[in-house]
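**Q** Protein chains in written order, with the numbering used here: chain Y, 1 to 167; chain X, 1 to 574; chain G, 1 to 107.
Take the hints with a grain of salt, since some may be wrong.
[As the list claims (entries may be wrong)] Derived lysine-lysine pairs resembling PhoX-like cross-links, with alpha carbons at most 25 angstroms apart: (1) G/K84 with X/K114; (2) G/K84 with X/K97; (3) X/K347 with X/K263; (4) X/K94 with G/K98; (5) X/K114 with G/K98; (6) G/K5 with X/K114; (7) X/K30 with X/K114.
[Claimed, not checked] Some but not every residue of chain Y turned toward chain X, in silico, with C-beta under 7 angstroms: (8) D19; (9) T79; (10) G80; (11) R83; (12) S86; (13) V107; (14) Q132; (15) Y148; (16) R163.
Quick caveat, the hints were computed from the structure, so don't treat them as lab data.
Everything numeric in this text was worked out from a predicted model, so none of it was measured.
Ideal placement from N, C-alpha and C gives every residue a C-beta, glycine not left out.
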Amino acid sequence: MALISDGKFVEDAWRRLADEEAIPPSGKCVVSLGRLDEALSTLAPGTPLGVLIANTADPAALQPHFARLALIAIAFPATGDGRGFSLARLIRRLGFTGELRASGRLVADQATHALRCGFDTIEIPAEIAGRQDAAQWRGAIDAYGAFYQQGYANRAAILAERRKTSS
Amino acid sequence: MNAHDQNHAARPNAPTTTYLYDSYDAAFVKARVEEFRTQVARRLDGSLTEDEFRPLRLMNGLYLQLHAYMLRVAIPYGTLTARQMRRLADIADKWDKGYGHFTTRQNLQYNWPKLVDVPDILGALAEVEMHAIQTSGNCIRNVTADQFAGVATDEYEDPRPTAEFLRQWSSLHPEFSFLPRKFKIAVTGAAHDRAAIKFHDIGLRLRADDAGAPGYEVIVGGGLGRSPFVGKTVRDFLPRADLLAFLEAILRVYNRFGRRDNKYKARIKILVHETGLDELKAQIEAEFAAMDRAPFAYDAEEFARIAGFFAPPPYEVLPAGSPALEQARRDDPAFDAFAASNVAPHKVPGYAIVTVSLKPEGGIPGDATSEQMRILAAASERFGFGELRVSHAQNIVLPHVKQDELQALWRMLAAAGLATPNVGLITDIISCPGLDYCALATARSIPIAQAISRRFADVDRQREIGELGIKISGCINACGHHHIGAIGILGLEKRGQESYQITLGGDPTLQASIGELLGPGVGAELVADTIERLVDLYLAERRPGERFIDAWRRIGHARFKEALAREGEHGADI
Amino acid sequence: MAAFKHPQILLASDLRDGEVLFLAETGWVRDHRLAQVARDAAAAAALESRGKAELAANKVVDVYLADVEIDAGGAPQPLHYREKARVVGPSVRRDLGKQAREPEEAR
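The following block holds chain Y by itself, in its conformation from the complex (with noise of 0.2 angstroms):
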């Protein structure tokens, strides 16, 4: 996998643990939602810690785990699906202010639809980055000033943008 960041390719800091493997105590893995008790109850407060969840997840039972969670990935299984973006605003309505990851088929157009609705971070397959470039993911994100809807995050809103010129 390929991680964006600010619109570059970047190391990804944590690791995707599979589900056969031991919880390290240093944490800093991602595991996936059947292993989070585990993980909760193996790993001391404060280590880093991140969870990957379906687009289908529950927020409000994830919720009381915020605290203990410094990463929460959402799975994107297809390009056409776009629950995840709903699930990313419900996490972050919900108070969720670590790493919010979108992961899987997302293309470089949807970018700013992952930003906007709270993501930080977009984790796609080699096989996309392959064919779309640092430079691709750049320009989408950059192919807009401001967007009409307000209350979503990383761009102003023109809704909003009028206001201030008219007042």
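Dock chains X and G against chain Y, hints included.
**A** Only chains X and G this time, still in chain Y's reference frame:
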């Protein structure tokens, strides 16, 4: 106009009766064009696979059809200026084959663009404040409205400011661009719903509460297609200031829980049906209550800014009637026929609403040549402040014509083959493009429309029959809206042949009903005959003033089925 | 494998202009009569495989096999009315479709 707008100089000859882009809107559309240009280049060089590119090109209205690509241009709430209509004509000539097709959602389709030319076409559209944003794809589509908006005598409030407000809110929405399926919104502000709001994913009916505060009845889950449903009210009254927030709540629930396993069960109508209305309402209200409303605090202000653009044009003060018109009608039977069917009353005394029929005898419903588009543009400037509308019935409306000038307009239209006096009559047929163009189709639809049009061409006979909406779809997706035609025709495949099922009793208005099937399908050559037998029964049985749909409701479906039973043939075949 | 009932040809759409293309031995052609005909399952699979390679090479989209019958002149003619429609163009605007043009040679 507020201080903000004074920063943007008005352009010469620009009408003041519809929304004008400010610098943000212009920059946005320009960025969209350049983004698509890059996307096409990345498709051609393989950076994007077809599977990745498909949703992106659909979100720019670009389909791949049977013979060529098809580009669907958005005509927001069906409103066009003369300048925009001329640009559509120019595009047809430069990049297509000299014509366009007006659709059942108030858009325009070009049937022969090349992929490599589409960015330039979008650029040409952007220059006149047009685009093809989200006219396809699993996102929020063109918000449609009443084609008589602003001028209808039964209008409570102009729906177009709402439609424009929603157009902006829905454009490139970060959360709702990869929905389970397409999402269509329609708005009505009149007693007679000309926008079929009960058959949209969200239908909005403008209304006030008991205190007179402006707002909406919100209806969810209407739709046609494989499983037609009438929409259901989820909110009797939603205050205007809450419109965007409430719609966001609906879309979020749909985005999360709409089905993604089966394309034919993915619309919100299925979610309503399978979840249950009360439960879904509860989910929507819960989401609405949980949302942070602070971002929406100034929506009412922005709405008022937008509404200010939809001011009435500088009408003259005229007497209510026109003796010249009455005399002209007495003198000229052909003009009289046109005035009887194609002219509707206008809320301003001395004016009229003219619907120009794009259904000439034996013609292709909704098609217009580039030359006809230019004539329509010129007609709108000469007779109506340079404004036109596109109706769901695939016709063009000139909404501000002086009654005194109706005959002069009619002569201009007649010279261009645009004066067919059949609006609302049996040959004012709604038809999708069908298998002649569309990759989704199971049968041809246009030749059926043409055959019916020729069979009933006689104007006197049409007037005798009166109001009768025939709607034809070339496949189960129902883009021809056959479910809500008084007579609906659905083209399917049966045993390797095109076969046409007929339904009766559909109604797109607030009286909302879905047509009932007459029986198994018939071959193409029998459709016009069948329609004729149904019409004959109606004419024989009707009471004074009873339209076809009324007679059907009174007489009952069974009588019409009987009328089609044929002696001596394999009678079950209808 | 299902029984091979009819000879088949391979159709696709040109990526750049969306026109119907048929796969011939030498490459894509716009005249269906020049299409390569597969007369057994192995030949059909080979056609499909070539088509998919062209899809991956970003030349064409929407690649699929269609049943044909061979006419008196030896040319393949589609059996189903949908593919017949793709060959002749819009039945209601015969000036716009493929039959309005001269047949072209293999690309």
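**Q** Confirm or reject each hint.
**A** Evaluated hints:
For the suggested pair G/K84 and X/K114, the alpha carbons sit about 22 angstroms apart, so the restraint of at most 25 angstroms is met. Simply put, G/K84 and X/K97 have alpha-carbon atoms about 22 angstroms apart, close enough for the 25 angstroms limit, and the pair holds. Straight-line distance between C-alpha atoms of X/K347 and X/K263 comes to about 44 angstroms, which puts the hinted pair past the 25 angstroms bound. For the hint pairing X/K94 with G/K98, the CA-to-CA distance comes to about 20 angstroms; that is within 25 angstroms, so the pair holds.
Under the criterion of a C-alpha separation no larger than 25 angstroms, the hint pairing X/K114 with G/K98 is consistent with the structure, at around 15 angstroms. At roughly 36 angstroms between alpha-carbon atoms, G/K5 and X/K114 are farther apart than 25 angstroms, so this suggested pair is violated. The hinted pair formed by X/K30 and X/K114 meets the criterion: a straight-line CA distance of about 20 angstroms does not exceed 25 angstroms. With its C-beta approaching chain X no nearer than about 25 angstroms, Y/D19 sits outside the 7 angstroms limit, and its interface hint is violated.
Against a cut-off of 7 angstroms between C-beta atoms, the interface hint on Y/T79 holds, since the closest Cβ of chain X lies about 6 angstroms away. A least Cβ separation of about 6 angstroms between Y/G80 and chain X falls short of the 7 angstroms threshold, and the interface hint therefore holds. Because the beta carbon of Y/R83 sits about 6 angstroms from the nearest beta carbon in chain X, less than 7 angstroms, this interface hint is met. Taking 7 angstroms as the C-beta cut-off, the interface hint given for Y/S86 holds, the closest approach to chain X being about 5 angstroms.
At its closest, the beta carbon of Y/V107 sits 5 angstroms from a beta carbon of chain X; the interface hint therefore holds under the 7 angstroms criterion. Satisfaction of the interface hint for Y/Q132 is found here, the shortest Cβ-Cβ separation to chain X being roughly 6 angstroms, below the 7 angstroms cut-off. For Y/Y148, the interface hint holds, since its Cβ comes within 7 angstroms of a Cβ in chain X; the closest pair sits about 5 angstroms apart. A cut of 7 angstroms between beta carbons decides the hint on Y/R163: the least distance to chain X is about 6 angstroms, and the hint holds.
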